[in-house]
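Peer 1: Sequence:
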Amino acid sequence: MYKEAGKTKFQIDLRQHLRSQNLSGNFIHLVCEIAEASKYVVNSIRTGDLGVAGTSNLYGEEHVTLDVLSDRIMQKRLLHSGVVSTIASEKTDEIVTISSNPQGLFSVVYDSLDGASLVELNLAVGTIVGIYQGNDLLQPGRNMVGAMYILYGPRVSLVYSAGKGVFEFTMNQLMEFNLTREHISMSPSANIYSPGGLRAKYSPQHDRVINYLEDKGAKLRYSGGFVADINQVLLKGKGIFMYPGLQDAPQGKLRLIFELNPMAFLVEQAGGAATNGVTPILDIVPEVLDQRAPIYIGCREDVEKAAELLGAG
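Numbering that gives the first Met the number 0 puts the first residue of the sequence shown at 0, with every later residue one more than the last.
No lab work stands behind these hints: they were computed from the structure.
As the structure is a computational prediction, the values presented were derived from the model and not from experiment.
Pair by pair, the computed Cβ-Cβ distance ranges are: (1) L219 with D289: 28 to 36 Å; (2) P153 with Y211: 28 to 36 Å; (3) L173 with K235: 24 to 32 Å; (4) E303 with P203: 16 to 24 Å; (5) H79 with P203: 50 to 58 Å; (6) L173 with L78: 22 to 30 Å; (7) Q172 with K200: 42 to 50 Å; (8) T46 with N171: 18 to 26 Å; (9) R220 with D289: 26 to 34 Å; (10) T46 with Q204: 44 to 52 Å; (11) E181 with N42: 22 to 30 Å; (12) S184 with E213: 24 to 32 Å; (13) S116 with D92: 17 to 25 Å.
The beta-carbon is built from N, C-alpha and C at its ideal position, and this holds for glycine as well.
Assemble the whole structure, with the sequences as input and the hints as a guide.
Peer 2: In structure tokens, the structure reads:
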């Protein structure tokens, strides 16, 4: 069991854990700033600040939707963190340069509230973050130095990796994140699958992947929220998530830089794999910020089998 100065792992908070991992002070500060921002996001979700007429957000503005508000919360925290050189948000699709001297600083890509439309249905949503050293955002996800997501569900949980394994923290009643799982790992084979996209628009090759999973007895478990579905695949350790290229959208729906790379980084750190059907997600060189790609992510054997079936012609 994880111990520090006589504490059990359930008494280790996020900052204490990060310090124990021999990470740079700037990286620790950045992760803690993102964690702090998430507290304001979850408060907005819980208080019903959904941009409804007659309500106002923490900036005193009316008619601002929750996804816009969450983006402003995250951006403000990053802008004033002192450790970030460049940021890019899925909500705005533009690169914001904070410092022209990236020495010792980080570039951050994020989706502040993935699945925002699910909030009014009371379904789980989340924040996704990818972290690079320096100021270049258009590089393969393999070059990330860290990735994380925060899931706003019945419990608020933060899952991160800095290349030294995957760790989960859960928010307590004082809104502090305490360590609950360490060195999360995935089994080689999946027994659940989460299939995105409209089945009528699947390719014959992708249909073969679905048939393979159903024939082996994998059960369908799909929420429609990317963070929630990846959290299920990762923490159960026996799943695969797929959002394929569709007949009218051959590059799929999900964005490489903001969504796929951070999740692929986490899943690979847990022993899983992620591919677009041809190339590992983390090896794809992005050309533009809003680049999209199909994804098969989860247990390694099933991801490899999916790539094999997709390439069978």
